[in-house]
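Residue numbers (this note's numbering), protein chains in the order written: chain Y, 633 to 1164; chain B, 180 to 362; chain Z, 9 to 394.
Since the hints were derived computationally from the structure, they do not count as laboratory data.
Every residue gets a Cβ at the ideal spot worked out from N, C-alpha and C, and that includes glycine.
Some hints here could point you the wrong way.
Label-pair restraints from in silico Cβ distances [said to hold, decoys possible]:
| # | chain 1 | residue 1 | chain 2 | residue 2 | range |
| --- | --- | --- | --- | --- | --- |
| 1 | Y | S925 | Z | Q315 | 35 to 43 Å |
| 2 | B | Q313 | Y | C681 | 44 to 52 Å |
| 3 | Z | V331 | B | F311 | 30 to 38 Å |
| 4 | Z | W270 | B | V212 | 43 to 51 Å |
| 5 | B | T242 | Z | G238 | 53 to 61 Å |
| 6 | Y | I652 | B | V212 | 29 to 37 Å |
| 7 | Z | F104 | Y | M766 | 43 to 51 Å |
| 8 | Y | C681 | B | K187 | 42 to 50 Å |
| 9 | B | F311 | Z | K345 | 40 to 48 Å |
| 10 | Z | Q315 | Y | I652 | 45 to 53 Å |
| 11 | Z | T290 | Y | I697 | 38 to 46 Å |
| 12 | Z | G328 | B | R239 | 45 to 53 Å |
Keeping only pairs whose Cα atoms sit at most 30 Å apart, straight-line, the calculated DSS-like set for lysine-lysine is [stated by the list, open to error]:
| # | chain 1 | residue 1 | chain 2 | residue 2 |
| --- | --- | --- | --- | --- |
| 13 | Z | K86 | B | K284 |
| 14 | Z | K385 | B | K339 |
| 15 | Z | K274 | Y | K1126 |
| 16 | B | K265 | Z | K160 |
If you only want the chain B side, here are some residues facing chain Z, beta carbon under 8 Å, derived [as the list claims (entries may be wrong)]:
| # | residue |
| --- | --- |
| 17 | V266 |
| 18 | H267 |
| 19 | S273 |
| 20 | N333 |
| 21 | I334 |
| 22 | A336 |
The lines below spell out each chain.
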Amino acid sequence: MSAVIEEHHDDHHHGPDKGILRWVFTTNHKDIGTLYLWFSFLMFLTGGCMAMVIRAELFQPGLQIVQPEFFNQMTTMHGLIMVFGAVMPAFVGLANWLVPMMIGAPDMALPRMNNYSFWILPFAFSMMLSSLFMEGGAPNFGWTFYAPLSTEYAPPSVTFFIFAVHLMGISSIMGSINVVVTILNLRAPGMRLMQMPLFVWTWLITAYLLIAVMPVLAGVVTMMLMDIHFGTAFFSAGGGGDPVLFQHVFWFFGHPEVYIMILPAFGVVSAIIPTFARKRLFGYDSMVYATASIAFLSFIVWAHHMFTVGIPIAGELYFMYATMLIAVPTGVKVFNWVATMWRGSMSFETPMLFAIAFVILFTIGGFSGLMLAIVPADFQYHDTYFVVAHFHYVLVPGSVFSIMAAAYYWLPKWTGNMYDESLGKTHFWLSFIGVNVTFFPQHFVGLAGMPRRIPDYALQFADYNMISSMGAFLFGFSQLLFLFIVIKCIRGGKKATSQVWEGAHGLEWTIPSPAPYHTFSTPPEDLREAHG
Amino acid sequence: MQTAQNRKTITKLIGVVIGMFAFGFALVPLYDVFCEITGANGKTAGQYVSSSGDAVDQNREITIQFLTNNNAGMPWEFRPTVRTLKVHPGELNSTEFFARNISGKTMTAQAVPSVTPFYAAEYLHKTECFCFEQQQLARGEGLDMPLRFIIDANIPAEIKTLTLSYTLFDITGEVEETLALRP
Amino acid sequence: MYRAKQCKWLMTLSALLFSSLFFSNLALAGWSDVNMTQGVTEISREVYDLHMFMFAVCVLIGIVVFGVMIVSMLLHRKSLGAQPANFHEHTGLEIFWTIVPIVILVVLAIPATSTLRAMYDAGDSDIDIEVRGFQWKWQYTYLNDNPGEEVKFISALKTPQEEIHNQANKREHYLLDVDNPLVIPINKRIRFLITSNDVIHAFWVPAFAVKKDAIPGFVHESWAVVEEPGIYRGQCAELCGKDHGFMPIVVRAVPQDEYDTWLAEKQEEARQVYETVGKQWTMAELMETGEQVYNQTCLTCHQANGQGIPPAFPSLVGQGLTVGPIENHIDIVLNGKSGTAMQAFGAQLNPAQIAAVVTYERNTWGNAMGDMVQPSKVNEMIQSGQ
């Protein structure tokens, strides 16, 4: 309740500037969080359009809508935009909005840098998207850009792609440094680390992961750049290099990257389930340790993405065992969520629906992940639609659902208005059905032998591809409903209370809704509410 | 006070960033060392200096099979003079590969060796190999290129056939470039 | 009242769960369209069993976890007046659900390890075949101590462009049919030595549980002993550029005597091709062979109408090479053009094929150069290195 005072102290704190310049020059964590979230939604729609092109082409066997060259550009850009443009910025946006409010800090520790790290992104993605209009087309070598397809055989636009990746990397690193410094140094006096909400914990660990692996990504694209333009041969066997080295370095970045996209989702779900179960999170300590062990393990399992490149058997076994081990902390998390729900007093508002769908569908993605870890079976699964189904299950009903759950959960806090609950539920059910209809049949076609990244396929895969495409259209168009709900909520609606949800706990629920432009200028004293 | 603390944290984190960027590049030599020790990618080691202590195991015979490949855009004729040799571990063997530049211009090539099964790579010792150097041939010129090697007497018993493949890469364009960071 | 209603719900739900499980089992047994193939090698069957075992374990865990969740969602609702309990940790329980998954993982790891060991077994093989990935076709070489008896051929997609572009009905094995399948005898250990000419490809035959990346400059091996005669189809499994989806693998496994006959034929064919280089060809013969070669080799890039897809794949109609000096034309087809996608076809096509395709390109789509080239001339150019 302490923060209610803020509104009456306008002489100390000026409110937002007016007009467009407010957004360009803002250093306010809430403004920047909003910018990140809108940007990521825009990218989500852009990448989504590309997914629609892909699914439209795959609706039937034969080439109908696009040619193979363009199809490859679509799969590549879809992956890059969804990973780097939609999911990651969305989580950074949530961190910007929520971390200071959750730890009782007035703002992020480095507000000016916060502004820079956001405004780099539009430039990075304009550069990347502009490659679609260049001679030779956009990058067409898959989001994993394996050499030599991405070096000796790449379209000229690869150079722009490399610079775009550099910019995104710089943005992510700056954003992560900001998060770490904020969490370590700006917590309300008396708040211990083990008292922080799990969302803050998961983001702290995610930020460390980002700081550790984004430079490796920068390194690998720099090596590509040198191979393409400066005559080095890091990845060309002819000059003494090795194309497989590319995959090792890439996946040393790539696997932690996968967890970068899911750990904050764990944090979100760990905030939402207790609220709507009206019961404290089960096993807070083990949640923190499980997150940390997942992060640690993510550094030592990278080669499970490349079991078929010809690794000696000792290596295959090691990477198989290490990968299987990840199932243990992940299992602990799932069991904790289930135990939180058990004997709670649950209600099923939209955020809770998304969170429960997250737990179930992410677990299904985890099962297929476990299957993929088994090397002999992976030889059959590798680079088929089974893999596509697997990572979409952990990324779409995983990361993306958690982001939507977060949006519904905190929208009343951000806007001061309740969203339209029945529309929200409609959006949930359309998305839930859409996602499953899209991705579940992909398990089948993958097992039956359909490789990924192909623009056309054999006749026996036709039925399930058609179903999958229909699901994709349903899921894709339902997101316009989401946009409508958000805009409607911003423009008005039932006024939200400070606590918003009956069972919500945490410092962000002690301040009024909408959250004032400046919060916690004086640190909160009562920390009993801190961890949910 | 908080600013000082922030600065300290930032400095440390930037240190990590720089360190990890360097680590990305360090993976390149690390990977080479790792492969050389374990033969992880079937790459063979450099020139082997034979010690007189190499005992010949007359009781075992290993088939060594030679493959040749041209990488994309490499027009040379390139083949082993024999497809297979049966050899005793420990003994010094020699064979030849033939290359002819059938293109209309002088070209330079680099042969890249690869062994399968890859863990056999560490038991193949080459005392002389055309792959240690770049080969330059004028148009129409042909050349017999020697390979001398010893199969290590400690080669695991289950390996009965060892395949040594050479892929010929056209490096005419790169030869003039002195920028190459890696030898 | 509540209780009774919930019990009914629960029973319906569990009935649904079990029946769906039962039917899905039936389905999995019958429909190869939705499940991994059992394949035709000992290894592929082991892999299939491993896959089904893991699937069953996952389903069981799923039933337990989701079951608890669903029960909780049905019973512990605020709308039913449920009061929240107060517990939020339980060390014993937490240790329990850390240990149990570890035990399950060990149980999974044991068969996986033994299957992997079997796959990596480097035994002696009966037949060694070099498999080479090209953008976008495969080349198979049956290694032989006598170079003159070595059979070597390109295997490319046979599905006509009209079917792909929906101008003709798609027939059976659409996209999974090749002009020259790989032929192997059954019950023999075949070793595949897998490599690539350009980018990374992956050689995948699901029925053999063989998938290995083909990496330029490196050779990897894999093996199979096929137990049943039949035709087995696979595809390239690593993104390799434009026509990644159009480079299938077809393996015909036949009894030993049939294989011997086939091999002898192939060896004879190879000799004949070599002899044809010597004879004088007529324009009609060159055009006929040239069209075949073009459709097989050049069409994916330069297109059926010769217009290509500029700038990557230039047009051959009325401009440049095809209407310039014939020596240059032959040279580019033989030696490729560095820095472009144009390969050196001297390594893939014989002199007769090169002569034919050059002649064809100069005299079709309105190109009317009227000239032709004999295979002997091409051979001469190869020999003299021009």
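Hint-by-hint comparison with the structure:
1. S925/Y <-> Q315/Z: 35 to 43 Å: 58 Å, violated
2. Q313/B <-> C681/Y: 44 to 52 Å: 49 Å, holds
3. V331/Z <-> F311/B: 30 to 38 Å: 46 Å, violated
4. W270/Z <-> V212/B: 43 to 51 Å: 47 Å, holds
5. T242/B <-> G238/Z: 53 to 61 Å: Given range 53 to 61 Å: violated, Cβ gap about 30 Å.
6. I652/Y <-> V212/B: 29 to 37 Å: 55 Å, violated
7. F104/Z <-> M766/Y: 43 to 51 Å: Given range 43 to 51 Å: violated, Cβ gap about 58 Å.
8. C681/Y <-> K187/B: 42 to 50 Å: Once the Cβ atoms are compared, 45 Å apart, the range 42 to 50 Å for K187/B and C681/Y holds.
9. F311/B <-> K345/Z: 40 to 48 Å: Given a distance of about 30 Å, which is not inside 40 to 48 Å, the answer is violated.
10. Q315/Z <-> I652/Y: 45 to 53 Å: 48 Å, holds
11. T290/Z <-> I697/Y: 38 to 46 Å: 44 Å, holds
12. G328/Z <-> R239/B: 45 to 53 Å: 59 Å, violated
13. K86/Z <-> K284/B: Given that 30 Å is the threshold and the Cα spacing comes to 84 Å, the pair is violated.
14. K385/Z <-> K339/B: 45 Å, violated
15. K274/Z <-> K1126/Y: 81 Å, violated
16. K265/B <-> K160/Z: 24 Å, holds
17. V266: 15 Å, violated
18. H267: 17 Å, violated
19. S273: 18 Å, violated
20. N333: Violated, about 16 Å.
21. I334: 11 Å, violated
22. A336: Check failed: Cβ of A336/B comes no nearer than 11 Å to chain Z, outside 8 Å.
Hint violations for this structure: numbers 1, 3, 5, 6, 7, 9, 12, 13, 14, 15, 17, 18, 19, 20, 21, 22, all remaining hints satisfied.
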